[in-house]
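Colleague: The residues making up each chain are set out below.
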Amino acid sequence: MSTEKGNGKSRLKVKINSWKTVGSWTWGAGDEICAICQMPLDGCSPESNFPGDDCPIVYGSCDHPFHLVCINKWINSGGEATDKCPLCRKAWSFRED
Amino acid sequence: MESELAWKTLLSVTKPLPEKGGLIKSIITLTTKGYLTSFLIYYQETIEQILRFKTIPLLVPSNLEQVLGLTQVLQTLDDCLAVPRYVFTELRSYQVANKLSKSPTAEMVLKGVLYSEKSFAKKLVASIGHLIKENLLEETQPEGFDRLCDLLIKLDFDPLIQKYAYQCYLGKLRDRLNTEIKGVYDETSLSDCEDWIKTFVLERFAMVYKHNETRLEKIKVELVQQLMSQYENLRISELFDIIIMYPESIPALTDLRLCISHSNGYVRLAKSLCLSFQNRLLHQGVQTQDILGQLFSAIRSLSHVDPSGTCVSLSIQPILNYLKTRKDTAYCAVENMMTFPKQNENEEEEIEKGELYEELELSLKFGSKHGLARDSLITRENEFDDYDDYFSDQEDDDEELDFENDLEKKKIWKPIQRVSQLSLVVQPTQSKNLDLISYIIQIYKSKEPILSQFKTIMANKLLNSIAQPADEFIQILEMMKIRFGEKHFKHCQIMLKDVADSRRFSTNINERIKNSTKVEDQNENDKETETETETEKEKEKEKGKEMGKEKNNDQIVIEPLIISQLYWPELNEEKFVDNYTRAGKSKERFANEFSVLKKPRKLLWKHSIGLVDLELEIVGQETPIKFKVNPLLATIILLFEEKEEWKIEEILEKIEIDENVLKNKIYFWVKNGVLRFNEETNLVSLIVEKDEQQSQNSRLEFIPEDESESQNNATSSLEKQQRAEEEVHKQFIINMLTNLGQLAFDNIYDMLKMFVQDPPFDRTKEQFQDFLDRLVTQDLLEFGSGVYTLKK
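Residue numbers (full-length UniProt numbering), protein chains in the order written: chain F, 1 to 97; chain A, 1 to 792.
Everything labelled a hint here was simulated from the structure, so no lab data went into it.
Just so you know, nobody snuck in bad clues.
One-sided excerpt, in silico: chain F residues whose CB lies under 10 Å from chain A:
#, residue
1, Trp27
2, Gly52
3, Asp53
Simulated restraints on C-beta separations:
#, chain 1, residue 1, chain 2, residue 2, range
4, F, Arg11, A, Glu659, 24 to 30 Å
5, F, Arg11, A, Asn464, 33 to 39 Å
6, F, Asn76, A, Phe783, 56 to 62 Å
7, F, Lys15, A, Gln278, 56 to 62 Å
8, A, Asp290, F, Asn17, 36 to 42 Å
9, A, Met751, F, Lys15, 23 to 29 Å
10, A, Glu680, F, Lys15, 29 to 35 Å
11, F, Lys15, A, Thr681, 25 to 31 Å
12, A, Met751, F, Asn17, 21 to 27 Å
13, F, Asn17, A, Glu680, 33 to 39 Å
14, F, Cys88, A, Asn464, 44 to 50 Å
15, F, Val58, A, Thr623, 55 to 61 Å
List of simulated lysine-lysine pairs, PhoX-like, C-alpha gap at most 25 Å:
#, chain 1, residue 1, chain 2, residue 2
16, F, Lys15, A, Lys514
17, F, Lys15, A, Lys585
18, A, Lys647, A, Lys585
19, F, Lys15, A, Lys628
Note that beta-carbon positions come from the ideal geometry of N, C-alpha and C, so glycine has one too.
Model the full assembly from the supplied sequences, consistent with the hints where possible.
Modeller: And the structure:
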């Protein structure tokens with residue numbers, strides 16, 4: 001009998017009126033921090049108010065991720081090594097995805 | 001007999017004897033000769049008459065010796081009281097009083113009596129006192145009273161009159177305070193009493209002191225002072241209750257304010273109030289929110305009494321110190337801060353706004369300068385920006401005053417101005433400056449506990465109302481920003497944005513899913529047209545219409561709250577992964593759409609958090625059963641749509657979850673009469689028979705049908721079930737305490753009653769108390785100050 005029950009079409013129907021749950025987003029860059037502002041990549045740089053769309057991350061061609069605002073600030077700061085990745089000192093260029 | 005006759009003769013003389021003082025001499029002689037007894041007999045009969053009409057007018061002692069002699073005579077008479085009794089009963093008649101007051105004799109005699117014999121004097125004084133009291137309180141002015149008073153004043157009884165009059169009026173006042181005024185706080189009574197003194201009492205005194213205005217003024221001042229101090233004493237003793245009644249008790253407070261401004265008894269007030277706080281408020285039996293409520297009322301009441309703030313700061317320190325030791329103070333304070341007026345859905349009664357919420361509203365209205373200035377004084381933190389704000393504001397003010405724009409201005413020592421500004425802070429008339437929030441900050445000498453508590457509570461509230469608009473929080477947050485400074489609320493700001501974004505994303509994404517499903521449907525339908533039979537296709541279409549959404553109800557509309565995890569408090573999840581049920585698939589699909597829309601962002605599910613509103617329909621049964629359960633429970637029951645019977649192991653294959661957790665969750669459905677679990681075969685099956693379902697609803701019926709199975713087994717499964725429930729409760733409690741820090745027994749009980757609905761939480765308070773006690777003995781929980789906390 002049990003096998004019959006187990007295989008047969010169930011007599012139960014579940015009507016879902018609403019399914020509320022919680023998710024969290026990530027850039028998928030792990031728990032790393034932005035080497036410039038020392039804030040988590042999933043967080044936001046001190047300059048921006050909100051993480052996520054308002055504070056996106058970018059990768060250099062060397063695969064080092066930074067907050068976009070942070071790396072722009074670095075590049076535009078006019079210092080000596082501003083054309084290089086702050087981490088590995090390779091010439092900086094944005095990675096194209 | 002001879003002697004009696006002698007007395008009679010002597011005393012019946014009606015005309016004054018030619019020789020001055022002769023009569024007195026005779027009396028003295030007779031007395032010393034030993035005719036006293038006979039005199040007494042005669043005296044009893046005639047003394048009153050004689051005294052009234054004959055003797056007193058005739059007795060004119062000419063020197064002190066005579067006075068003393070006469071006194072001795074009267075004294076020796078046992079009934080010497082007859083004299084004053086006569087005098088004072090008769091004094092009430094105008095004529096007698098008049099006569100007496102004109103007769104130097106009576107005056108002298110009485111004086112003599114008073115000077116020589118103390119006990120007599122005492123009695124006389126008592127009878128005068130009685131007389132005065134009787135007269136003073138009569139509504140109409142007693143006739144002849146002024147005469148009497150004249151006489152008494154002549155007799156040097158002035159201090160005595162005053163003393164008795166005071167006693168009498170103050171007694172009356174005390175009666176009035178104790179009967180009419182005590183316990184009545186919602187009307188002013190002081191001015192009534194004062195009026196009574198100024199009119200009624202002073203009129204009486206005016207009879208005594210006639211035109212002695214300065215004297216009258218002095219008396220008035222003295223009496224009013226007495227009234228004030230009595231009133232003050234009464235109200236100070238009642239202050240705790242007056243505070244409870246605030247704001248209805250404002251009239252009483254206004255009166256007290258007037259009194260205490262004269263007496264300067266602020267310290268006494270504070271001392272007495274501290275004592276009643278200690279005795280009635282600051283112990284374990286009182287809940288923290290009640291202490292806070294009393295604190296707020298106290299601050300407001302006392303600021304009303306003493307605008308300078310001295311009373312407040314002297315009295316409430318013990319409360320602040322005590323609150324610091326309570327772990328849920330910040331929690332309760334923030335809850336209060338977030339209690340905005342709204343209609344409670346369940347009960348019809350309106351929720352009153354919290355006192356601290358009112359404060360927030362005020363800072364919204366008036367700006368935050370005062371509050372912030374106080375805060376930085378209290379916290380002594382390096383709140384330079386607050387100071388800067390403050391000073392720059394000051395400077396503006398100075399410019400308005402148009403001081404000459406010289407350099408001197410820069411040298412003005414600002415803190416002095418600040419302090420003077422501060423004294424304005426607690427003006428009760430400007431309630432905007434009376435800032436309760438700063439007192440809460442004072443407890444911790446820092447804003448931090450309040451701010452972090454605010455963050456936690458807001459996060460919890462948002463998580464509990466997933467997909468609800470968060471407008472009310474936006475408003476509160478705005479007010480908080482004004483009150484505490486914007487920089488503290490980055491996290492909260494982000495949380496609220498997450499909520500708003502989530503709503504937008506999910507509408508967007510669900511729309512996309514719906515559309516793409518339609519397209520897929522069409523494609524599939526196109527492909528399958530050839531193979532599928534007409535009927536099947538129609539069925540599909542019908543279904544689609546029925547559900548009004550997708551081709552069938554496989555796709556579940558997920559309404560998620562998508563959080564920026566770093567800015568939210570840590571969530572309490574039960575780990576499980578479901579890629580199998582339609583819920584799991586719907587979530588996966590949602591996440592995919594998200595990563596398409598928001599590339600390269602990804603969505604990670606917190607599967608176990610949330611709330612699912614579902615209805616179970618079982619074929620053959622008419623009414624669907626409604627549940628609101630957490631997503632894990634919903635996921636489990638979804639499996640039984642596919643087939644009616646699952647082995648535990650099978651479920652574990654489909655859903656990644658801890659076996660014990662799974663069993664606990666299954667017990668939920670077992671308890672609700674939806675599933676049946678056979679422990680021997682590890683088989684979970686759907687209950688379809690109506691009768692069975694009903695019987696399963698009752699917990700006691702949860703005994704294996706097979707009676708042959710040992711009773712032991714049955715009880716053990718009962719126990720197990722109970723244990724499973726308790727496990728659920730325990731988990732609830734732990735989660736609540738992790739989120740909220742600490743809770744009182746009633747809070748936990750009520751929350752479980754509210755949230756654990758589906759295995760209806762049916763424990764009595766006693767049973768539940770036992771359960772909590774057990775958790776405490778198991779070192780899981782800690783109990784102190786009336787609240788439970790997690791044992792660290």
